Amino acid sequence: MSEVAVTVNGSRHVLKVDDDTPLVWVIRDALALTGTKFGCGVGVCGACTVLENGKAIRSCQVPAHEAAGRSFVTIEGLSRDVTHPCQRAWLAEEVAQCGFCQPGMIMTACGLLHDHPDPTDEMIDTVMSDSVCRCGTYPRMRKAIRRAAEEMRAKKT
Amino acid sequence: MITSRRTFLKTTALSGASLLIGIDGNRLLRGADTRAAGPFKPNVWIRIDPDGSVTLTIGRSEMGQGVRTSLTMLLAEELEADWTRIKLVQASPGPGFEDIGTGGSDSIRDGWKSLRQAGATAREMLAMAAAARWKVDRTTCTAASGFIIHTPSGRRFSYGDLVADAARLPLPEHPPLKNANDYKIIGQRTARIDGRDIVSGKARYGIDVKVPGMLHASLERPPFAGAKPKRMQEEKARAVHGVRAIVKISKGIAVVADTTWAAIKGRTALAVEWDDPPPDAFNSAAHAKRLEAASRERGFVTRKEEPPPGTAPVAETIDATYHYPFYAHAPVETMNCVADVRENRCTIWAPTQAPNRMQKQVAQLLGTAPANVQVNVTLIGGGFGRRLAVDDALEAAEISRAAKAPIQLLWSRPDDMKHGHFQAASVHYLSAGFDAQGAPVAWKHTKAGSFHNISPLEPEEKRDTAWYQDWSWGVYDVPYAIPAIETAYVPVDLPVRHGPWRAVFAPSSVFAREAFLDEVAHHRGADPLAFRLDLLKGTDTVKAGAVTIDRRRLRSVLEVVRDKSGWGAPTAERHGRGVACNAYFGHTYIAYVADVAVDHDGDVRVERVVAAVDCGRVINPVGVEQQMEGGIIWGISSALKGEITFRDGAAQQGTYADFEVARMRDVPAIEVHVVNGDAPEPFGMGEPPVPPIVPAITNAVFAATGKRVRQLPIRPVLLLS
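Chains as they are written, first to last, in the working numbering: chain A, 1 to 157; chain B, 1001 to 1721.
Source of the hints: derived by calculation from the structure; they are not laboratory data. Note that this is a predicted model, so its numbers are computed, not measured. Wrong hints could be hidden among the right ones.
Under the rule of at most 30 Å between Cα atoms (straight-line distance), these lysine-lysine pairs were calculated in the DSBU-like manner [to be verified]:
{"id": "1", "chain 1": "A", "residue 1": "Lys16", "chain 2": "B", "residue 2": "Lys1236"}
{"id": "2", "chain 1": "B", "residue 1": "Lys1202", "chain 2": "A", "residue 2": "Lys155"}
{"id": "3", "chain 1": "A", "residue 1": "Lys16", "chain 2": "B", "residue 2": "Lys1202"}
{"id": "4", "chain 1": "A", "residue 1": "Lys156", "chain 2": "B", "residue 2": "Lys1236"}
{"id": "5", "chain 1": "B", "residue 1": "Lys1202", "chain 2": "A", "residue 2": "Lys143"}
{"id": "6", "chain 1": "A", "residue 1": "Lys55", "chain 2": "B", "residue 2": "Lys1202"}
{"id": "7", "chain 1": "B", "residue 1": "Lys1210", "chain 2": "A", "residue 2": "Lys16"}
Distance windows between CB atoms, simulated [to be verified]:
{"id": "8", "chain 1": "B", "residue 1": "Gly1566", "chain 2": "A", "residue 2": "Arg153", "range": "30 to 38 Å"}
{"id": "9", "chain 1": "A", "residue 1": "Asp19", "chain 2": "B", "residue 2": "Glu1235", "range": "47 to 55 Å"}
{"id": "10", "chain 1": "A", "residue 1": "Thr126", "chain 2": "B", "residue 2": "Glu1559", "range": "36 to 44 Å"}
Residues from chain A that face chain B, not an exhaustive set, calculated with beta carbons under 8 Å [to be verified]:
{"id": "11", "residue": "Cys40"}
{"id": "12", "residue": "Cys45"}
{"id": "13", "residue": "Glu94"}
{"id": "14", "residue": "Pro103"}
{"id": "15", "residue": "Cys135"}
{"id": "16", "residue": "Tyr138"}
{"id": "17", "residue": "Pro139"}
{"id": "18", "residue": "Arg142"}
From the three backbone atoms N, C-alpha and C, an ideal C-beta is built for every residue, glycine too.
The task is simple: from the sequences and hints, build the whole structure.
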């Protein structure tokens, strides 16, 4: 048990947690931000994905002592009013079915678009194939990512 | 499965001011006297408050099928309510909700009649109330966007202004329903009601429930039925920071802790060692042999069509055996439940498809009355039939009772994968007889499979033909016009847990039927799609048990995929095109053409699926497309990805790495064509897309390689060039 200072969605929190607590449980249990989901605990499903400096990371793979001093964005912090291009594209393409994996999918897509603002279809498939959706929303996610990429590029020009 | 349901409405004045209507899906009451109607078991309540807001309380669980949106659409259409002022409330089992639950793709079919009728009833009562106040004829009043308008004068009352008066009126006997031409909402692409919550992380699933004082539990379950712990490290587990208690329950040993992580760590530290499995512990390879032997027995005959006089005798017979494996549901939200047991009362929060079953079984476990068990249904992060079983709640209640605290029980991914209520393995033996001219004249399909064990079975004496038919969907209801048909079911004991899995008994049966039909077509030297159309000629409807199949609807979806897929055009080397179709209970008709490529290592890639669906009247086109895409991808998982195998009584797979499911890279181009979307009534879409996709794929693999897939998932080693 030790004090860990971690910034989530711009707010700094000093938390008493066990050193080895995976970040997903720090976020879900200690900070009660339940948009970040638990799906497997071993980094193969992507449900717990959050952003750090724009890059997607699996929060179940980061123990608290390694998270200390770092700053993360969860789905709740992506936008104040559901206006992030990925969120808008997800709604426009009517992606979600049960919706459970979708926060992780959106964060993974954000990470992809941060690294590759104009991803090829192959790149989208490669990166997104590290995450699991059991409802089968993949075709719509592909379209949503292309749509979000376009919107983000249009904003920059 | 097939019940003709009628609708029974009841109004109640709430606090003297609101209009409240309950709908009983099983009964019809004519006239205003609802008290004399006997038992009233509604499954939907509608309330209109003086502020004009409409509350729709539904017993259906949302698990991705979009039911919260589509049921609201049905109500809003007839009520003429302002869409944005309808609030949805999830029902809990209780006196107002004695028959709720979600399965069998029947939410829309039930809601179509009951919700439209309820909407029309309320609208009519509001209009009558307005007409009375204005002292005008009812026919001069119309309803629109939450107002009753007196058309000649333009005067208007909001619904809220009228509810107190309306609640005192008798129920109109036959409130008029709209003509389909006047629909403003039904049939429109409609965004999901909970879409914004989902993409912003606000949607609350079972796993997200937090109640004051809640502790967290992780449960170590016996690896095989009857296993006993040999030793465990209780001291070490207790020493883990945050661990509160080690609790032994009938289902295993639970570690209860302050946080989820402490419970997980405590369970790891507990390091339970279980005794060795007996030599006869369940093994899926041995079970497949038993099933195969059973498939050769006569079994219980579920359909027998004698060939009409003059039918040519069988001159040649072909036969084949099809194996279907075990599969897990593997929803991304693992099983979980929050339970708070206090003396003889219990409150549950669970992502469940079966709230009434949960209430009853938890009450039984605790030795209390069902009324003392409150079940709160959350959003479900993937159901697929797994959450018709209520094992998570029974475990959580037992742990909470022992720990004397509200607890959240969270299953790990391996817990979820190894302790599922799996799709059961089955073996299908099929044979076809040809006459001297090579025409098919006889069809035989025997399924050896297992009854579910999520709930008690009917006693032996109640097991009639209809009962056995209910275990063999897709076998007895073969839609094809073959003169002699005999189908049978052979039950085989299955000691491991199993239960409904998306489309339940149909996927295995339809795989075997549609793949073997492909064999029959090839044996005859016929084009498999034209061959199907030929076998669907003759009488337009065919009855099998309680199912009536309309062959015209099946023909039309086949014709659409034929025309849209370029069926018959040549394919490249090691590429192939396959077709399959199914009539799901005579309700929803689907045909697929799948294009596959098989590389030299035998790896199969589905490149394109052209689909045609006739689910009757389309309520929300978005939902239909989503379910088609999801069903196709579900089928790709079962054709090409993971299976569950058992050794020493235990499932061998525990993660998405060893029970693989389709990922984005596995997804083909998908084209969905909706046929007959303006039909008089709608049918379900959750399950029907699943059964015919796997045989479309395996038939395409045959076209590409000349190798017949009779066992799933497809093994690349059998398809090497």
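Hints, verified against the model:
Only pairs whose Cα atoms come within 30 Å are accepted, and A:Lys16 paired with B:Lys1236 is accepted, the gap being roughly 22 Å. About 27 Å separates the Cα atoms of B:Lys1202 and A:Lys155, which keeps this hinted pair within 30 Å; it holds. Between the alpha carbons of A:Lys16 and B:Lys1202 the distance comes to roughly 26 Å, so the proposed pair stays at or under 30 Å and holds. Among the hinted pairs, A:Lys156 with B:Lys1236 is inconsistent with the structure: their alpha-carbon atoms are about 56 Å apart, more than 30 Å.
Between B:Lys1202 and A:Lys143 the alpha-carbon distance is near 23 Å, which keeps this suggested pair within the 30 Å criterion. Annotation: proposed proximity of A:Lys55 to B:Lys1202 holds, straight-line Cα distance about 22 Å (limit 30 Å). Using a Cα cut-off of 30 Å, the hinted pair B:Lys1210 and A:Lys16 holds, with the two alpha carbons roughly 19 Å apart. Between B:Gly1566 and A:Arg153 the C-beta distance comes to about 35 Å, which sits within the given range of 30 to 38 Å.
Judged by the Cβ atoms, the range 47 to 55 Å given for A:Asp19 and B:Glu1235 is violated: they are separated by roughly 22 Å. A C-beta distance of roughly 38 Å is found between A:Thr126 and B:Glu1559, which places it inside the suggested range of 36 to 44 Å. Using the Cβ-Cβ criterion of 8 Å, the hint placing A:Cys40 at the interface with chain B is satisfied: the shortest such distance is roughly 4 Å. Because the beta carbon of A:Cys45 sits about 6 Å from the nearest beta carbon in chain B, less than 8 Å, this interface hint is met.
Among the interface hints, the one on A:Glu94 holds; its C-beta lies about 5 Å from the nearest C-beta in chain B, closer than the 8 Å criterion. Taken as an interface hint, A:Pro103 checks out: its beta carbon lies about 5 Å from the nearest beta carbon of chain B, inside 8 Å. For the restraint placing A:Cys135 at the interface with chain B, the shortest Cβ-Cβ distance is roughly 5 Å, inside the 8 Å limit, so the hint holds. For A:Tyr138, the interface hint holds, since its Cβ comes within 8 Å of a Cβ in chain B; the closest pair sits about 4 Å apart.
Among the interface hints, the one on A:Pro139 holds; its C-beta lies about 6 Å from the nearest C-beta in chain B, closer than the 8 Å criterion. Satisfaction of the interface hint for A:Arg142 is found here, the shortest Cβ-Cβ separation to chain B being roughly 7 Å, below the 8 Å cut-off.
Hints 4, 9 from the earlier list are contradicted by this structure; the remaining hints agree with it.
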